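Peer 1: Residue-level listing of the chains:
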Amino acid sequence: MIVYGVALLSGCLILGMLIGEAFGVALNVEANVGGVGIAMLFLVFASNSQKFKSLTEGAASDGIKFWSAMYIPIVVAMAARQDVAGATEGGLLAVVAGTAAVAVSFALVPILSKVGNSTSTKDN
Amino acid sequence: MDIIETVFVRNNLVVAFAVVGLTIWISYLLADKLTAGRIHGSAIAIALGLIAAYFGGITTGGRTGVADIALLGGIGLMGGGMMRDFAIVATAFGVQLSELKKAGLAGVVSIFAGVIVSFVVGASVAILFGYTDAAAITTIGSGAVTYIVGPVTGEAIGASDTVITLSVAAGLIKSILVMIGTPLVAKYIGLNNPQSAMVFGGLMGTTSGVAAGLAATDPKLVHYGAMTATFYTGVGCLLGPSVLFFVVSTIY
Chain E
1 MIVYGVALLS GCLILGMLIG EAFGVALNVE ANVGGVGIAM LFLVFASNSQ
51 KFKSLTEGAA SDGIKFWSAM YIPIVVAMAA RQDVAGATEG GLLAVVAGTA
101 AVAVSFALVP ILSKVGNSTS TKDN
Chain W
1 MDIIETVFVR NNLVVAFAVV GLTIWISYLL ADKLTAGRIH GSAIAIALGL
51 IAAYFGGITT GGRTGVADIA LLGGIGLMGG GMMRDFAIVA TAFGVQLSEL
101 KKAGLAGVVS IFAGVIVSFV VGASVAILFG YTDAAAITTI GSGAVTYIVG
151 PVTGEAIGAS DTVITLSVAA GLIKSILVMI GTPLVAKYIG LNNPQSAMVF
201 GGLMGTTSGV AAGLAATDPK LVHYGAMTAT FYTGVGCLLG PSVLFFVVST
251 IY
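The listed protein sequences derive, respectively, from chains E and W. Numbering of the first sequence is given in our numbering, commencing with residue 1 and proceeding in unit increments. Numbering of the second sequence is given in our numbering, commencing with residue 1 and proceeding in unit increments.
With the rest of the complex left out, here is chain W:
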């Protein structure tokens, strides 16, 4: 046992890569076999991560989930703020500004409307649940934007661990609901042409949710939804810890 502990602890980041890789492999398998691809593997993997964090938390009594287990300490570094921000910025690579022109006015409006509307809804729910400090309200509102905008915003404005966790959970719920709900409501919201798919991508924004939801509705629409959804997280990361935080701060 000593040998295992020594090797695992000394190579903790490498262990994290292996464990996360395995988790994702299992998640994609489950997504394929159990949900026939209806729920994207990434959402299952994130859910598994949260569940593992819960058990990590109750067994160790620590505040950083699985990362408090000595053998899995590398998860803390891999999933920490520095790596998260590095990877999220990398996703902006290859984004073509010309795509925005193709998306047109409605597409651009939908991106901003989507971020702001989700934020306002999430923030209002936080207020209804009794939160009164600006950082917490802003972070939960940002979580309703996406599961990445929540923690990016929360850490930037100094929200508590608990609130950041809630923002990730809210974003994950949103993503899964978009995956499952899109084919069910497509008929009623007129989601059957490229124009409405672009508006849809901009309003929902959760890239995995939009891709999986549109694929289940009409695979031809995926590309149009992705065109606008690509910009959504970036706009969220830009507005969350700035304009939106200031607006909430002036009220609370």
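Next up, chain E with everything else stripped away, as it sits in the complex:
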């Protein structure tokens, strides 16, 4: 049943959000602390566990895969409902932040690749 997968996905999100809210209350901040990330962890564990097999295989998995495939369309809709007109003044900030992040990350590739190589030669 497709809906079993959808229900599992929903359960993971609700649980993650509840934990995120609870963290927020416990830490006395007005925030959902990592709820989405926690929900993703739940789904990863469920899809890697034997116990949830009936909810993550066959037709049930299609219910989750559908929403996974809807990710980009939903992001496109999300982009279309942003307050772009109100944010144009900050356009330069967005360009600089995005560009700088890429430049620094590119520069780190050879450095971290070396870390990997030296550890694997130690293993050998």
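Incorrect hints may have been included.
[To be verified] Per the computed footprint, the stretches of chain E lying under chain W, defined by three or more beta-carbons under 8 Å from a beta-carbon of chain W, are:
no., segment
1, 2-14
2, 23-34
3, 38-50
4, 55-64
5, 69-80
6, 103-115
[Stated by the list, open to error] Derived contacts from chain E toward chain W, CB cut-off under 7 Å, selection only:
no., residue
7, D83
8, V84
9, G86
10, A87
11, G90
12, A94
13, V95
In short, the hints are calculated from the structure, not lab data. The structure presented is a predicted model; accordingly, all values stated were derived computationally and were not measured. Think of the CB as a built atom: it goes at the ideal place given N, C-alpha and C, for glycine as much as any other residue.
Let chain E serve as the given structure and place chain W on it in line with the hints.
Peer 2: Just chain W now, kept in the frame of chain E:
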């Protein structure tokens, strides 16, 4: 006209599906014909979305872009926080933890380093531009992680609409630059073997950017980059509205 309005407004979410579908179809066509696949269709679609939001904003004077146009109100629901979080969690499905083992220590380190470094760079830029409140700095920093970590974090910690929009834009710029820039810098950063491709995927993280960038460099490397990039957004959504926000809060 009345008939159209009645039908469109009453079925606004369905209209949104159709409009977004059409936009994506056009975007993939443009990506294929105009950029020979160098820029991924998804990036063009997101850019078109932002442009449409701009015009929606100036014509209606509202704050939710295209969604303020009555006929396109469903975009607000489809692109709202609930659907966004639902879909982003779904992308974690089928992620194999064993892939992390294959990626090895360098792969795992690169994922965390990638999220933290992009965040710090983005947050520093926000500070340089004069932002002083923790929620705004954290959200813009998260936008430099990816265009999805930005709004997920921003909404979770209560950042303003404007700041959330900037975080999406920053993430989109990053994604497009990775697509275009990767084949150009590949030689200089030693991007020619599976090991460096895994590190690359973990550092960049933007899945569409990594896939398109590596495909243009060497299609054999795409799989290795994707292995680590898959985890990046999840780690970002986990760290952004928690540890990273707290660190920024203690400073500001």
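Peer 1: Enumerate the violated hints, using their earlier numbering and listing them in ascending order.
Peer 2: Hints that this structure does not satisfy do not exist here, as all of them hold.
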